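Visitor: Chain by chain, the residues:
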Amino acid sequence: MSKVASATFRDSLSVSLTVGAYGVAFGAAAVANGFTVLQSCLLSLLTFSGASQFAVVGVLGAGGSAISGIATASLLGIRNALYGVIMAPRLKVRGLKRVLAAQITIDESTGVALGQEVRGIDEMRKGFWYTGIGVFIFWNLFTLAGALGAQAMGDIRAFGLDSAVPAAFLGLVWPRLTGNFERALAVGCAVFAIAMTPILPAGLPIIATAFIAIAVGLKK
Amino acid sequence: MNAYWIATIGTSVIAFALKYSGHSVPEKWLSHPKIQRINGLIPIALLSALVAVQSFSEKSKLMIDQRLVGISVAIIALLLKAPFPIVVLSAAVSSAAVYNWL
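Which chain is which? The protein sequence lines are A and B, in order.
When we follow this note's numbering, the leftmost residue of the first sequence carries the number 1, and every step to the right adds one.
When we follow this note's numbering, the leftmost residue of the second sequence carries the number 1, and every step to the right adds one.
For the record, the hints were derived by calculation from the structure and aren't laboratory data.
In this text, all values refer to a predicted model and were calculated from it rather than measured experimentally.
Do not take every clue at face value.
Not close to chain B: a few residues of chain A, all C-beta gaps over 10 angstroms, as computed [as the list claims (entries may be wrong)]: (1) R10; (2) L141; (3) V165; (4) N180.
No more than 27 angstroms apart at the CA atoms, straight line, and that leaves these computed lysine-lysine pairs for DSS-like [to be verified]: (5) K219(A) <-> K28(B); (6) K97(A) <-> K61(B); (7) K220(A) <-> K34(B); (8) K219(A) <-> K61(B); (9) K220(A) <-> K28(B); (10) K28(B) <-> K92(A).
Label pairs and their calculated CB-CB ranges [stated by the list, open to error]: (11) K59(B) <-> L114(A): 40 to 48 angstroms; (12) S72(B) <-> L148(A): 28 to 36 angstroms; (13) E58(B) <-> L13(A): 20 to 28 angstroms; (14) L45(A) <-> S24(B): 30 to 38 angstroms; (15) V99(A) <-> I35(B): 40 to 48 angstroms.
Even glycine gets a Cβ: it sits at the ideal position worked out from N, Cα and C.
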C-alpha cells in the first residue's frame, strides 16, 4: 500500500471507528423507546443513516404514529439523496455496485471522499468505499451491543438512558449550529415543539418544525 | 404487524429509495441553491425539536424530571467541547444519579 493510499485508509478507519461507536447509543435508544433488538439491528442494516434512525425511534418513543416516525426519518434522509448526486459522477458505477454505493451514501462516506479531493479521484473513490463499508460494519456491531445492553437493564431511567437519548440528539445537532441564524432556528423549533406537544397528536410537533425550516429557507 | 414493524420497514425502504435516487437523477434537479439551503436547515429543526420533546415530555404531557439535569449537563459538556461519547455518558450518569438518589 502506497503512502497516499494508507493516508486515505487511516482517515477512513478513524472515522469508521468513531462513528461506529455511536451505534451503541442508537441500539440503546431504540430498545429504550420500545423497539426490539431485531428491529433495532434491522434499522441499522437497512436504513443505515444515523439521524434518520434516531428520529424514527424518538418519534415512536414519544408516542407518535408509524407514519409520523417514517416521515420525520425520511425528511432527514433527503440529504443522502443530495450526497448521491455529488458522488455519482465521481464513482461512475452501475448495476449491483450502484446499489451498494447507494446504501453506504451517508454523511461520513461522502465527507471523507470529498476530503481526499486534493489526492485525486482514485483516492476519493477509495475514501468513499473504505469509510462507507467501515462505518457499516462498526455501526451494526455496536448497534447490537447497545440494544442487548439496554435490554438487560430493566428500568432504563435508573441507568440514565432517558437522558442519554436527547443528549445524543443534541450531540448530532450541535456541530450544525454554526451561526446566530442556525442557533435561533434551533431554539425556536425546540420551543415550538414543546408548546405544541400538549395540543397536537404525538409526532406532529416534531414534523411541523421541518416546515418552519422550509419556510425560512425559502425566504432567506 | 405493529407500529414498530411498520416504522422499521417503512423508514428503511424510503431511506434506500432516497439514497438510490440521488445516484440516478440528473445533477441539475437537486443542485438548486434553495434546495441545498433548506436541506441544511431541516436537520437543525427536526433534531432540536426531538431534543426538546425527548427531554421535557412524556407522551402528550409536559414534564420536568431528572432529564432536565441530564440535558443541562450535556449542554455544559458540549460548551466545553467534549467529544460525543462523553456528552452522552455525562448526561446518563447525572440523570441516573438524580433518579436513584434524590
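Visitor: Check the following: the C-beta atoms of E58(B) and L13(A) are separated by a distance inside 20 to 28 angstroms.
Guide: Check failed, 41 angstroms falls outside 20 to 28 angstroms.
Visitor: Taking C-beta pairs only, is L141(A) more than 10 angstroms away from all of chain B?
Guide: holds, 16 angstroms
Visitor: So the hint says 30 to 38 angstroms: do the beta-carbon atoms of L45(A) and S24(B) match that?
Guide: violated, 22 angstroms
Visitor: Can the suggested window of 28 to 36 angstroms be confirmed for the beta-carbon pair S72(B) and L148(A)?
Guide: holds, 30 angstroms
Visitor: Take the C-beta atom of V99(A) and the C-beta atom of I35(B), compute their distance, and say whether it sits inside 40 to 48 angstroms.
Guide: violated, 25 angstroms
Visitor: Need the status of pair K97(A), K61(B): alpha-carbon distance at most 27 angstroms?
Guide: violated, 48 angstroms
Visitor: Within 27 angstroms, alpha carbon to alpha carbon, are K220(A) and K34(B)?
Guide: Since the Cα atoms of K220(A) and K34(B) sit roughly 9 angstroms apart, the hinted pair holds (cutoff 27 angstroms).
Visitor: Is 40 to 48 angstroms right for how far apart the beta carbons of K59(B) and L114(A) are?
Guide: holds, 42 angstroms
Visitor: When you check the alpha-carbon spacing of K28(B) and K92(A), does it fall within 27 angstroms?
Guide: Roughly 17 angstroms between the alpha carbons, so the hint for K28(B) and K92(A) holds.
Visitor: Keeping to a limit of 27 angstroms between CA atoms, is the pair of K219(A) and K28(B) held or broken?
Guide: holds, 21 angstroms
Visitor: Examine each Cβ of chain B, and state whether all of them lie more than 10 angstroms from the Cβ of R10(A).
Guide: The claim holds: R10(A) sits with its nearest Cβ about 19 angstroms from chain B, beyond 10 angstroms.
Visitor: N180(A): least C-beta distance to chain B exceeds 10 angstroms?
Guide: Nearest chain B Cβ is 13 angstroms from N180(A), so the label holds.
When the structure is compared with the earlier hints, violations turn up for hints 3, 6, 8, 13, 14, 15 and for no others.
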